[in-house]
Amino acid sequence: MARSRFTAFVTSLSFFVIVALAAGVGVGAFAQSTDLPWLTGTLGVIESLGQVWLNALRITVMPLVFSLLVTGIVSIADAAATGRIAGRALMVFAVLLVGATVYAILAGLGLLAIWPIDPEAGRDLLAGVSADTAATVGAAAHTDGLRAFLNSLAPSNLIKAAADDGVLAVVVFAVAFGFAATRIRTDLRRPLAGFFEAVAETMVVIVHWVLLAAPFGVFALALGVGLRAGLGVAGTLAHYVAILCLSQLGLILLTYVVAVVWGRVSLGRFARAVAPAQVVAVSTQSSLASLPVMIERARDWLGVPQATGGLVLPLAVAVFRITSPVANLGVCLYVAQLHGIELSLGVLVAGGLTALAVSIASVGLPGQVSFFASVGPIALAMGLPLEMLPLLLAVEVIPDIFRTVGNVTADLAVTRIVQGRETIAEE
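With our numbering, the residue at position 217 of the sequence shown is 217, and numbering never jumps.
Source of the hints: derived by calculation from the structure; they are not laboratory data.
Treat each hint with caution, since some may be false.
Pairwise CB distance ranges (calculated) [stated by the list, open to error]:
#, residue 1, residue 2, range
1, PRO37, ALA180, 52 to 62 Å
2, PRO314, GLY340, 41 to 51 Å
3, ALA271, VAL95, 18 to 28 Å
4, ARG185, ARG269, 43 to 53 Å
5, ILE159, ARG269, 51 to 61 Å
6, SER286, ILE59, 21 to 31 Å
7, LEU249, ASN157, 36 to 46 Å
8, ALA23, ASP187, 50 to 60 Å
9, THR186, GLY87, 17 to 27 Å
10, VAL257, SER48, 46 to 56 Å
11, GLY340, SER266, 39 to 49 Å
In this text, a Cβ means the ideal position worked out from N, Cα and C, and glycines have one as well.
Build out the structure end to end from the sequences listed, making use of the hints.
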């Protein structure tokens, strides 16, 4: 079993992306040490091709997020209409997602204040930032202030806002559009939802095509980092992984507290109930693969009837990812400190609202696709550059394990909470 998992990993896209990152930084550092003009010139051309690859990913962000938000809201509204338990579960999802978003901002800022990025290492990593990125960083200041934030919610021209990376306006309009779609006749809503579902699936196919070239794209972008910063960037990337994992570990521990207090279950009982599902989550990095174990543990250890668990848990796997705002905002807060960007309250609110929205939009997407579909819009809403995301994607394997463990833990906690509320209602 362990051998087959290892074989699957070393043949996966994630493994090749990690290798490409290491190779790119290594080759760039070697070129830096040789100081050969023809070699650095050649590597500069390859680095430009990496920028083309990144732009191919960026072009899919707006239509993908808009389509996923519309279909996600319609599906959630349909689920809420199916019965009392489903509606109660969706309410619990919403409360916990809002709490997770607030926690994400506080934990991310707190961890980076206690354990900040080494200034010299950060400057080394940013040594390869292009002029376009510098312009993007400069544009972040324009998102500051309450007036600018409010104006960004409802621009006079949505197409222009999308062209200018005004993702928050697109998200707000998509949410309004999705809820409006739930109010029209069913015979009109279904083809409309089907159209946007088809658009989303098409965008996912395009992203898959682009990600097939991820090893080359990451290698090309890493060349510039290695050429200008050398091998010292490894320490910064390790620091990033540690910060992201610590923030998610804190969320997992808080989920235990929520389950005990709100779900009215002892800590030991809940811990024993979720442990097998967490093991499956670590080994598979898939909430869906953990679903059978979750249903069994909810029934045998948490006192949740098969009917309730069979409804709430699949619904949780389908529409609820509590670690999404925590991990995605953690990435953006790290990028902000890396670039030395001061984040105002308005920018943090914009990032939090966008994180809430894309936590719905990105549900069900593959790991590499969801990383760009989730983090990209939040970064744009906060006025942050996207050029670092491919490098951070390359080391996403370890944080992704914590994402899945956190989601599985929260799914079981929610199931217990919903069952507790149902018991009280019956009494």
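To see whether the hints hold, each was checked on the structure:
1. Range check, PRO37 to ALA180: Cβ separation about 59 Å, and the 52 to 62 Å hint holds.
2. The hint said 41 to 51 Å for the Cβ distance between PRO314 and GLY340, and at roughly 44 Å that hint holds.
3. A hinted range of 18 to 28 Å holds for the C-beta pair ALA271 and VAL95, which are about 23 Å apart.
4. Between ARG185 and ARG269, the C-beta spacing of about 47 Å keeps the proposed range 43 to 53 Å intact.
5. Distance hint check for ILE159 and ARG269: the Cβ-Cβ separation is about 54 Å, which falls inside the suggested range of 51 to 61 Å.
6. In this structure the hint that SER286 and ILE59 lie 21 to 31 Å apart at CB holds, the actual value being about 28 Å.
7. At roughly 43 Å, the beta carbons of LEU249 and ASN157 sit within the given window of 36 to 46 Å.
8. For the hinted restraint 50 to 60 Å between ALA23 and ASP187, the CB-CB distance of approximately 55 Å keeps it satisfied.
9. Range check, THR186 to GLY87: Cβ separation about 19 Å, and the 17 to 27 Å hint holds.
10. Between VAL257 and SER48 the C-beta distance comes to about 50 Å, which sits within the given range of 46 to 56 Å.
11. The hint said 39 to 49 Å for the Cβ distance between GLY340 and SER266, and at roughly 47 Å that hint holds.
In the structure shown, no violation is registered for any of the earlier numbered hints.
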